[in-house]
Structures are given as structure tokens and as C-alpha cells.
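Engineer: If you read the protein sequences in the order shown, they are chains F and H. The first sequence begins at 0 in numbering that gives the first Met the number 0 and counts up one residue at a time. The second sequence begins at 0 in numbering that gives the first Met the number 0 and counts up one residue at a time.
A couple of the hints might just be wrong.
Since copy identity is lost for identical chains, a pair holds within one copy or between any two.
[As the list claims (entries may be wrong)] Dumping the calculated DSSO-like pairs for lysine-lysine here, alpha-carbon to alpha-carbon at most 27 Å: (1) Lys273 to Lys301; (2) Lys273 to Lys237; (3) Lys210 to Lys53; (4) Lys53 to Lys273; (5) Lys14 to Lys53; (6) Lys10 to Lys273; (7) Lys237 to Lys53; (8) Lys288 to Lys273; (9) Lys14 to Lys288; (10) Lys53 to Lys147.
Source of the hints: derived by calculation from the structure; they are not laboratory data.
The residues making up each chain are set out below.
2 protein chains.
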Amino acid sequence: MKQVVLASYAKGNPKPSDFRIEDVPVPEAGAGEILLQTLYIAVDPLIRFSLDEKLLSGASRMELGATMVGPTVSKVVASNHPDYAPGDFVEGRTFWAEYAVVAPDRSDYRGPPRKLDPALAPVSTALGALGGPGQTAYEGVVNVGRLKAGETIVVSAAAGAVGSMAGQIAKALGARAVGIAGGEAKCRALLDLGFDAVADYKAPDFADQLKAALPEGADVYFENVGGDVTMAVLPLLKRGARMPMCGFIAYYGMGMEGPGPDHLPGFYRHIMSKGLEIKGFAGIFAGPKALEDIAGWMKEGKVRFPESVVEGIEAVPQAFSSVFSGHDHVGKLLVRVAPET
Amino acid sequence: MKQVVLASYAKGNPKPSDFRIEDVPVPEAGAGEILLQTLYIAVDPLIRFSLDEKLLSGASRMELGATMVGPTVSKVVASNHPDYAPGDFVEGRTFWAEYAVVAPDRSDYRGPPRKLDPALAPVSTALGALGGPGQTAYEGVVNVGRLKAGETIVVSAAAGAVGSMAGQIAKALGARAVGIAGGEAKCRALLDLGFDAVADYKAPDFADQLKAALPEGADVYFENVGGDVTMAVLPLLKRGARMPMCGFIAYYGMGMEGPGPDHLPGFYRHIMSKGLEIKGFAGIFAGPKALEDIAGWMKEGKVRFPESVVEGIEAVPQAFSSVFSGHDHVGKLLVRVAPET
């Protein structure tokens, strides 16, 4: 089988050449273990945290030569565990590899692989609307952001997997949703998804577009980005606005310090003068009510989850790198490693 | 009478020469108005926000030549209002002047002057433990910080009026309190007030002192400062820590940007990797329960409120400026303008 290993630690944005494709034997399931065939790999930007030679904080560092780890949907092909049978579909944190052996009883913090019902929804949605991105969007909008009907939310990286869900969940709750994305195609796609207004951060008149989209300001800022985009959003937040933060893609390639000037004084000034509330969250499962709500909204047609699919495990390094360099995909970027049947 | 007017807008830290003392006639109380003799003026750092020629955000700008406005304790000397009688003591937002005329029915957002009971506590405490600083400290520790018994709080600018109250309120709640202040004298004063440990930000081994004071990290960071102090605190916060922010004295003289490098990427990284919760608040009255609790703790001897008093209205410009340049006072800095009797 083929697998993707880390060839060199990332400097700034990850590059395809930071990874290497290797041919290795398919592993065998030992006692208590299951053998999974990988169907879909989600190229999750949070993986970037593990790719620094000198870790910046929190994440555990990947070793050079190690097989990359990340969220996948797989099919069970062999099982030595009573809870799993060949043919079962599962979602979990496995490897960037065509096959993986997992011991459900000694899995990592994400818990044992979660079994999926392919009759309920396409199994790939376990990496999207009903998986990490949907759960994250729900947590940020509902639990952290406490968005209410009639309020306005502005979402950065709105064309991404989490952002596009966040805007649609806001609409389903009866709020007004404004999306920030790069390029006309993505902005059009957001309007198609039901966003009330958009602002194109690659356009020269971005700041004016954003002001026009937020004539009365915003109650919630769903933060995925940081940097220039956030500097444009902050003056438009209302007094007492909430800022759920689930990422900062503009800073992923930096350490603790970026090139000057120092924007922290201005950030503090906004926090104080507006009584802003900021809370970081990630990798949080919002709970069963989130799954129920999202599944319900999808059935009512209120929430759609765009997927962009590229083919083959060899495509993973390029797909992962493209997340940081500003690609043209809308929604979740998935790599299909094998067909479902 | 004498009054203090704004002579020039502040550049960086306010200087005594930004103000001018003027001799003017004592004003007269018209219909519905009261004439107050100023007893105490509190030199409140938040006033700095109104002193920028080009306003940075939020505050309303002082006009050049206008009489400075701020929190005072006064005695009623003449009254054309049924709720106030000569001899009453009041706390409110009046002027840096020996006398002031106020119309209680058309007062600003802080409401009409609040009558004080001189038998309950010295009237100067209305500017301290039972006034803005006490209310602000309570709001930050109890309502925003949600500090619980057994947890640890670290307080910056801990020798200031708000900070010294915050640490003592934390102790009264059964928590562990660590204070950050500049200089050995202030640090000793904090230990005298009951803080469990201190770190001197002017000492060359400040970072080591802070680590030693927080061997298991902190659950709450009561933020008054920003800058280098905060950069040293952030790595010591626990997962899920709360950061009530009521000021950022390190940045008051700056606009939206300070000299590089940019510390915002690192700030974001801490927020995300630890799931920090940050909330700005100021000028908030925590409510009657706060007054009741603080008064109770003072009676039990659990909370003391150190005051440093300088004499005479001419001392106000120097006293106000000293707040920003790092003075040697502990607790609330008050100017006594006239004796109580």
C-alpha cells in the first residue's frame, strides 16, 4: 500500500515537498485490533500545528519519517474486535495511508472509531456536516457565540468547511449571515448557500464591501483567520460582541511573533472599548443535540455541505498545502482514496 | 476657585504640562441644581482615553481649555433639589475643580450623585473599596472571571486600586492570589494585604519569580496591563483560563499599533491552544450584592483598601501623570481638595 510520511518540518506554509509517498506492506490486525481501508482523508488545517520542528504550543510534534495522522472515513476489512465487523463504515483519526490498523480499546483522545450508518447520509459527511466541521461550526455559533435570531454574524474563511457550515447554521437560527472569502467564485458560492451578503478579501475595495455588508455592525464574529481580515472586522463589531475563535490561518506559518507593527495594542483597545468576549475552541464535539439539529436542518434543505473531492492518496500532500495557499475549492476538501463499494 | 483644564492633548503618557490651573469664580446653583464642594478627586487612568487629539475609539474627546471631568467625593453646600441638603456627602462624576454645579435630574450616564453615609465608612471609600475600583474588581473576579475557591488568580498592576481589591476579593472567596507589581516596596505591601505570592516586574528575574509563584499555573488572569507583563503570564495560564480585562496601561499612550514585532499571532496561539476566554469590561457596576459582600469582608477584616493621599487641587496634574509613569504609591491615589468638616 501507499502512505504519506513527513519528509521535512514545515517552514511557513506547508509544501507538497514536505511529504513523501512510500510503498509499504499492508499491516495486519493483531489481537483486539481492526484493519481499516481508508476511503476519504480530510486535509485538516489544524494538522499544521504538529509540523513545526520547534513546537510552538499545545500540539504533539510529528517525527520525521512518521506516517501522517488525520481524520478519515474508512471501511472495516478485518476485525479482531467484537464491536466491529468487516463492511462497517467508521470515522476516526487514523493515517494518511491506504490501510490502517487500529486498536479501538486503546485509541487516542478522540475515542474509538465511530461507526457510521450509510443509509442516514453519505459516509463522507462524517468528515463534514455531521463531523468535525459541523460540530465545530455549531459549537462556535450556538454555544460560544450564543447567536440569537435577528442578530448578525460575520464569518471569516466562510467558504471553508467550518465557515460555510457556520453561516448556514446562523441562517437556520434566524440570524443574518455575512461571509468573508477570497475571490468572486467563492463569494458567489456563499450567496448560493444562503449567506445574506459577502465581502471578497482579495478585492481592492474589501473594506468598503465589508462595511456595506454590515451597515449596523455584527453581534458575533466567527474567527478562522486573524491578520488583515480581522483588522477590517474589529471596527465593525457591536458593543458586547462575541468572538468565537476556532482558527487563525493567517498566522499558522508564524511563531509567537510576526513582522511589525504590533497589532496587540489595537486588539486590546477593541476588546476594552467594546467589551468584546473572545473564546478559543477547537476539536470540541458540541454534543448529540448538535448532530440532531444539523441532520434536521439538512433534511429541511436549510443546510447544505459542499464537498470538493480530489482523487488518490498521491494527491494528499498537494491538497493539504493548497489549504494554506488559498485554493479555489468551496467547502470541505476531501481526498477519495478508495471507492465506497 | 481653582480648576484644572486641558492645555494640550496627550502624546504617549500624560504629562503635568498637558494641564493648566485656572482661577475662576465659584459657580452658582440654578433651578434644580446643587453646588458641591469637592473633597476628594480620584485620578482614574481611564480618563486617558479622552485625551487623544484623534480619538482612538469609544471615549468622547475632551475639548482643549475644558475643565477636566472625573470621579469625586463632594459635600453639598447649596441645594435647589429636594433630594439633596447642605452637608450631604455625595459621590459622582464631576470636575477637577474646587466646586461644581450639578443638575441631578440631567446627569450623565453615571446617574445622579450618590449620597453617602459617613457613619458607615469614611467617605473617601466611595472612590475605592465601595466605589469604582471595588465594583470593578468584584465584577472581574466574581462575574467575569468566575473564580472559585481553590483556584488561582494572577493579577497585574496588583498594587493599584483595582488590582489590590481583586487579590483581596479572591482571598475572601477562598482562592489563591498572586500579584504582579513594580518594585520591592509594592510587592511587600501586597504580601501585607494577604496575597499568597508576588512577582516584581521591574526585577531582572521577573519571569522566574512569576513561574515560582505559579507552580501549577493560573485559572484566572485579571488583566490591567498588557505588554511584556502579559507575555510572561500567558504561558502560565491553565487550559480554559479566564482573562477578565479592565485595562491595558502599557498601551494607553499608543494608538492601534505599537512598535514591532507583532505579538498578535502569539496571543491568538495562546487563546486557541488553551481555549482561553477573554472579556473586556470597565465602568460596570457589579450591583448591590457586590457592595454588600465587600462591606462585609471589610468588617471581617478580610479586605483592606489602602489609600495614598496627596493634598491640594494643584497636585492633580502631577498625580494623574504619575499613574502612567510608575509611581510608588500603593492602592488608590486620591487628591484631597478640602477637609471633610
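Engineer: When the hints from earlier in the document are held up against this structure, which numbers fail?
Structural biologist: Hint check: 1, 9, 10 fail, others pass.
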